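Trainee: Sequence:
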Amino acid sequence: MFNTLSRSLEVFETWSPGVATVYVCGPTVYDVAHLGHARTYVAFDAVIRFLEFMGYGVKYSRNITDVGHLRETGEDKMIQGAVRLRRHPMEVADKYMMEFFSDMNSLGIRRPDIQPRASMHIPDIIDAVEKLLDKGYAYRVDGSVYFDVSKVPDYGKLSKIRVEEMDVHRVEPDPRKRNPADFALWKESAPDYPLCWRTPWGYGFPGWHIECSVMSMKYLGEQIDIHGGGQDLIFPHHENEIAQSEALTGRKPFVRYWLHTGELTVGGKGMHKSLGNYLTIKEVLKNYSRSVVRAFILSAHYRTPLDYSEKAMEQAHENVSKVRNLLDDLALAEETAVRGNSNPEFRANVDKLMDEFINSMSNDFNTSNALASLYELVRLTNLHINRPDVGLEDLQQASTALRNMCRVLGLMEEEREKTQTQVYELLKILLDVRRELRRRGLYDLGDRIRKELGERGILVEDLKDREKVRIVR
RNA sequence: GCCGGGGUGGCCGAGCAGCGAGGCGGCGGCCUGCAGAGCCGCUCUACAGGGGUGCAAAUCCCCUCCCCGGCUCCA
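All residue numbers for the first sequence refer to this note's numbering, where the first residue is -16 and numbers rise by one.
Keep in mind that the hints were calculated from the coordinates and are not lab data.
Nothing here was measured: the structure is a model prediction, and the numbers come from that model.
Treat the hints with care, since some could be wrong.
To be verified - Once the Cα atoms are required to be at most 30 Å apart in a straight line, the calculated DSBU-like pairs of lysine-lysine come out as: (1) LYS252 <-> LYS140; (2) LYS235 <-> LYS114; (3) LYS252 <-> LYS201; (4) LYS140 <-> LYS235; (5) LYS265 <-> LYS252; (6) LYS160 <-> LYS134; (7) LYS294 <-> LYS269; (8) LYS269 <-> LYS78; (9) LYS143 <-> LYS252; (10) LYS78 <-> LYS252; (11) LYS118 <-> LYS143; (12) LYS265 <-> LYS78; (13) LYS134 <-> LYS114; (14) LYS140 <-> LYS305; (15) LYS411 <-> LYS294; (16) LYS143 <-> LYS265; (17) LYS265 <-> LYS42; (18) LYS235 <-> LYS265; (19) LYS114 <-> LYS78; (20) LYS335 <-> LYS305; (21) LYS256 <-> LYS78.
Stated by the list, open to error - Cβ-Cβ distance ranges computed for the label pairs, FRET-style: (22) GLU147 <-> SER(-11): 22 to 30 Å; (23) ILE97 <-> GLU301: 31 to 39 Å; (24) GLU359 <-> PHE84: 33 to 41 Å; (25) GLU396 <-> GLU359: 19 to 27 Å; (26) PHE84 <-> GLU408: 46 to 54 Å; (27) ARG145 <-> HIS255: 22 to 30 Å; (28) GLY253 <-> GLY437: 51 to 59 Å; (29) PRO158 <-> SER292: 45 to 53 Å.
Cβ atoms here follow ideal geometry from the backbone N, Cα and C, with glycine treated the same way.
Work out the full structure, taking the sequences as your base and the hints as a guide.
Mentor: What follows is the structure in structure tokens.
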């Protein structure tokens, strides 16, 4: 896998054999989740699923940041969200956290083993800050505490940033800091500030980066295998996490493999509400199923930029339909397939495609190539599904391979339409009559039934001696 | 200014030195009463531009152009 720290591909070796610890930076819950979140968390979902498929015991943590995100103006994102909605910050956090969980669920993203909340770890954070003060890595400015980057010679190793070159700032640094690159571990506030806690050095709230260091180490250990997030987090967030974590424990590296997802753009540009290209997960899921959204996201390698467009979504939709059709066809074919017949060439090719799929995923989680193997398996199976020399076991083997691929990528896991038995009984009567009409050559009446059902989202496809029915909406 | 990521056939996207991944769309054919689904074939000087290195370059090196992002809000 590609490690941002070394900017090169590295063989994956875990600290503890057979067990992978993974921490992915979760959202700051001050607003609804957008497609960029979907990209990152779907990508890591595939990573987790593949590691499990390969037999690893995976311990996966994804946090919820509901305090912090310090701005030099003294306001943080949680407070801004609260002011906008005229709610207490914790109400805002709760609302968007629950919506985030719901969005992740809608996308078929597996629930991490642990989803720690920053606000529930304030005592741990205060301990960590105190420890950094004791060790001399941090200093106080009134009631605030800053991390002193000059105490860490290798600061900048992840982002390749050089402290002395940091002379462009969007916001003027606090002049009381020893070095403009120093970052806040804790920020003081008035005792009546809506989100503040009492510490040995006064009232205040945590800086942005410290919560991830603390929660990651608390649940996954002082040194973890994989730490991920969007590439926009490389600096300053992950750079600072490394500095404070390694300072805290004295152990390096804090993280063995840093994985970062590429940006999702809409119309070639990053999403911004001001550009009018801001898409929430909920909006996209109104038009496309979760398999389509996932197939779109996974069609590109996780590190490259990915541009959202209606056309790309339509293409993903077509591909998902083909897989869906084949799964339906396989279920039918397996009912009538002959036991004992076998086509060795077909079976060998199915195995080969499964091997290629695994190789692609093993090579830095190349979902694009993995999907190519999946689509080839679809074509190959469609070609053989009704051949007399292909037996039940052959079809079951293809079916298993296809389902395994889908499972790793999280495709086709939608709840099957809750099939009302009465609806199906009515359909059965209608189709029996239609079959009789067609047998008597009354095709116009038969076509009318098919057409009118089709207009209502019930697609009837005629096979040799029966029909296949698909309810598409 | 500094640091990254991109520019591949009508479209989406792999590949990152050695037989033109895969998909979508289009065209033609097979199958079918028709439609759909599916299959086959075609869509074969594709690699931003210009130099260079190599037996061999989309892939390595140099220069140029264009797009996007990070540099204390960001997945």
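Trainee: Run every hint past the structure and note whether it holds.
Mentor: Verification of the supplied hints:
{"no.": "1", "hint": "LYS252 <-> LYS140", "verdict": "holds (28 Å)"}
{"no.": "2", "hint": "LYS235 <-> LYS114", "verdict": "holds (17 Å)"}
{"no.": "3", "hint": "LYS252 <-> LYS201", "verdict": "violated (38 Å)"}
{"no.": "4", "hint": "LYS140 <-> LYS235", "verdict": "holds (12 Å)"}
{"no.": "5", "hint": "LYS265 <-> LYS252", "verdict": "holds (20 Å)"}
{"no.": "6", "hint": "LYS160 <-> LYS134", "verdict": "holds (14 Å)"}
{"no.": "7", "hint": "LYS294 <-> LYS269", "verdict": "holds (16 Å)"}
{"no.": "8", "hint": "LYS269 <-> LYS78", "verdict": "holds (20 Å)"}
{"no.": "9", "hint": "LYS143 <-> LYS252", "verdict": "holds (25 Å)"}
{"no.": "10", "hint": "LYS78 <-> LYS252", "verdict": "holds (29 Å)"}
{"no.": "11", "hint": "LYS118 <-> LYS143", "verdict": "holds (26 Å)"}
{"no.": "12", "hint": "LYS265 <-> LYS78", "verdict": "holds (15 Å)"}
{"no.": "13", "hint": "LYS134 <-> LYS114", "verdict": "holds (15 Å)"}
{"no.": "14", "hint": "LYS140 <-> LYS305", "verdict": "violated (46 Å)"}
{"no.": "15", "hint": "LYS411 <-> LYS294", "verdict": "violated (37 Å)"}
{"no.": "16", "hint": "LYS143 <-> LYS265", "verdict": "violated (36 Å)"}
{"no.": "17", "hint": "LYS265 <-> LYS42", "verdict": "holds (28 Å)"}
{"no.": "18", "hint": "LYS235 <-> LYS265", "verdict": "violated (41 Å)"}
{"no.": "19", "hint": "LYS114 <-> LYS78", "verdict": "violated (34 Å)"}
{"no.": "20", "hint": "LYS335 <-> LYS305", "verdict": "holds (21 Å)"}
{"no.": "21", "hint": "LYS256 <-> LYS78", "verdict": "holds (20 Å)"}
{"no.": "22", "hint": "GLU147 <-> SER(-11): 22 to 30 Å", "verdict": "holds (23 Å)"}
{"no.": "23", "hint": "ILE97 <-> GLU301: 31 to 39 Å", "verdict": "holds (38 Å)"}
{"no.": "24", "hint": "GLU359 <-> PHE84: 33 to 41 Å", "verdict": "holds (36 Å)"}
{"no.": "25", "hint": "GLU396 <-> GLU359: 19 to 27 Å", "verdict": "holds (21 Å)"}
{"no.": "26", "hint": "PHE84 <-> GLU408: 46 to 54 Å", "verdict": "violated (38 Å)"}
{"no.": "27", "hint": "ARG145 <-> HIS255: 22 to 30 Å", "verdict": "holds (29 Å)"}
{"no.": "28", "hint": "GLY253 <-> GLY437: 51 to 59 Å", "verdict": "violated (41 Å)"}
{"no.": "29", "hint": "PRO158 <-> SER292: 45 to 53 Å", "verdict": "holds (46 Å)"}
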